[in-house]
Amino acid sequence: MTTQDTQASSALVLPRYRRDDVDAHPPLLSPGYKSTVARAPRHPLVYLPQRLTEVTGPLLGEGRLGALDHDLTRQHDGEPQGQRIIVHGRVRDGDGRPVPHTLVEIWQANAAGRYRDARDTWPAPLDPHFEGVGRALTDDQGRYRFITVQPGAYPWRNHDNAWRPAHIHFSLFGRAFTQRLVTQMYFPGDPLFFQDPIFNAVRDPKARERMIARYDHTSTAPEWALAYEFDIVLRGRESTPFEDEDDDE
Amino acid sequence: MSEQLGVMPAQTVGPYLHIGLRWPDGPYVVPEGTPGAFWISGRIVDGTGTPVVDAMVESWQADPEGWFDHPDDPRGARPSALAGFRGFGRSETDGQGWYRLLTVKPGALPEPDGGTEAPHLTLSVFGRGLLHRLVTRLYFPDESTANAADPVLRSVDADRRGTLLASPAVDGFRFDIHLQGDHETVFFAL
Chain E
7 MTTQDTQASS
17 ALVLPRYRRD
27 DVDAHPPLLS
37 PGYKSTVARA
47 PRHPLVYLPQ
57 RLTEVTGPLL
67 GEGRLGALDH
77 DLTRQHDGEP
87 QGQRIIVHGR
97 VRDGDGRPVP
107 HTLVEIWQAN
117 AAGRYRDARD
127 TWPAPLDPHF
137 EGVGRALTDD
147 QGRYRFITVQ
157 PGAYPWRNHD
167 NAWRPAHIHF
177 SLFGRAFTQR
187 LVTQMYFPGD
197 PLFFQDPIFN
207 AVRDPKARER
217 MIARYDHTST
227 APEWALAYEF
237 DIVLRGREST
247 PFEDEDDDE
Chain C
1254 MSEQLGVMPA
1264 QTVGPYLHIG
1274 LRWPDGPYVV
1284 PEGTPGAFWI
1294 SGRIVDGTGT
1304 PVVDAMVESW
1314 QADPEGWFDH
1324 PDDPRGARPS
1334 ALAGFRGFGR
1344 SETDGQGWYR
1354 LLTVKPGALP
1364 EPDGGTEAPH
1374 LTLSVFGRGL
1384 LHRLVTRLYF
1394 PDESTANAAD
1404 PVLRSVDADR
1414 RGTLLASPAV
1424 DGFRFDIHLQ
1434 GDHETVFFAL
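Chains as they are written, first to last, in our numbering: chain E, 7 to 255; chain C, 1254 to 1443.
In case anyone wonders, no lab produced these hints; they're calculated from the structure. These numbers come from a predicted model, not from an experiment. Virtual Cβ for every residue (Gly too), placed ideally from N, Cα, C. Take these hints with a grain of salt, some might be off.
To be verified - Here are some, though not all, of the chain E residues that point toward chain C, as calculated from beta-carbon distances under 10 Å:
| hint | residue |
| --- | --- |
| 1 | Leu74 |
| 2 | Ile112 |
| 3 | Leu132 |
| 4 | Val139 |
| 5 | Leu143 |
To be verified - Counterexamples of contact, computed for chain E against chain C with all Cβ distances above 12 Å:
| hint | residue |
| --- | --- |
| 6 | Pro86 |
| 7 | Asp126 |
| 8 | Ile153 |
| 9 | Pro203 |
| 10 | His223 |
| 11 | Ser225 |
Using the sequences and the hints, build the whole thing.
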């Protein structure tokens, strides 16, 4: 054991994750999104100092991934309909540190805006060659890459003539329970943003912008696929005394 | 380090979460047949008392000895002596709003200030209509001495503390989650 280990076990020094700004995430009660009304808790959240359970978390490895899990266009015998796109980016924490080897799960509607789910019954065609599910692990630098098709918009009855902007659902674990995040990636210039209460539930315009991928011409595959870059920032850590020592060296 | 980056906002998992997040082995924090394993099951209900059929619960916990196989456990990462222990569980709700997790009781945990945390699971709840996950904790009804000394339980109003306690069930424990209403579960800000 090193001196640091000994100190750590006697004093149990834990990493601490910075609390998010109030406007970083959408308020749970956002009445424009009708389902929040009966589901958002009415009591204020109780402050929970981060302890061992919160600063650790599942580190799920490659055992969960199939060889084609990152390529949603090759999971069936034939190719799905729609515009092929590459979606890639980096997962970092709030201090710019890469989050390596973390599981990224995505799911989405097909090119016509229909999910492969019995509960999605609107009259748009299903695609026998598209499941709409992907998984990847970030590399040493926190990078991930998916190949998929551009999802379509779809109606959802939240309000009169309500349409969801095209989006891809993203689920991330990060390094600790505190960093767990589920979000949605949107596409630049979508004309449906103005009427979408889920996108607009994020009140800070700068925070909303972070959910919109960047068209990335340099990452396209010529004569094959367009590309979007979607960088994801998870919560950062307060610096610990040990890290400060390192910084001084 | 230099400038802090703005975090990615959370968004709802939406109604089709099971497409992307269903794992066949999701509910198994420990493999079937593990000695001492039991089921934790419960119902998620909304403010109108309606079961929430498009939600998902994830759990995270220490092993029976109170350790995590994780580099940020300052005592050192230590794989569990219990074969197949994953520490993590994931269960979507069924058509009646029920979720189920097969697990074992975690050990008590040391506190930074020298105290002890009672055995607990930490839970995330995701669902349609939840723009961000909800975080809660599950404590065990047969740990009354440890629960009475637990710093998190003690930080919660006495009249709401009971919402964090599971109750005994035939095959383990039952833990209902009330998103709203008279019995609203205590949810935490991390």
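Quick rundown of the hints versus the structure:
Checking Leu74 of chain E against chain C: minimum C-beta separation of about 16 Å lies over 10 Å; hint violated. A hinted interface residue such as Ile112 of chain E counts as satisfied when its beta carbon comes closer than 10 Å to some beta carbon of chain C; here the least separation is about 6 Å, so the hint holds. The interface hint given for Leu132 of chain E is broken, as the beta carbon of that residue sits about 12 Å from the closest beta carbon of chain C, more than 10 Å. The beta carbon of Val139 of chain E is positioned within 10 Å of a beta carbon in chain C (closest approach about 5 Å), and the interface hint is therefore held.
Nearest Cβ of chain C to the Cβ of Leu143 of chain E: about 15 Å, over the 10 Å cut. The hint is violated. For Pro86 of chain E, the non-interface assignment is confirmed: its Cβ lies about 15 Å from the closest Cβ of chain C, beyond the 12 Å cut-off. Some Cβ of chain C comes within 12 Å of the Cβ of Asp126 of chain E; the nearest lies about 6 Å off, and the non-interface call is violated. Chain C leaves Ile153 of chain E outside its interface by the beta-carbon criterion, the shortest separation being 16 Å against a cut-off of 12 Å.
Against the 12 Å criterion, Pro203 of chain E falls within the reach of chain C, whose nearest CB is about 10 Å from its own CB. The Cβ of His223 of chain E sits about 23 Å from the closest Cβ of chain C, beyond the 12 Å cut-off, so the non-interface label holds. The Cβ of Ser225 of chain E sits about 20 Å from the closest Cβ of chain C, beyond the 12 Å cut-off, so the non-interface label holds.
Checked against the numbered hints given earlier, the structure breaks hints 1, 3, 5, 7 and 9 and satisfies all the rest.
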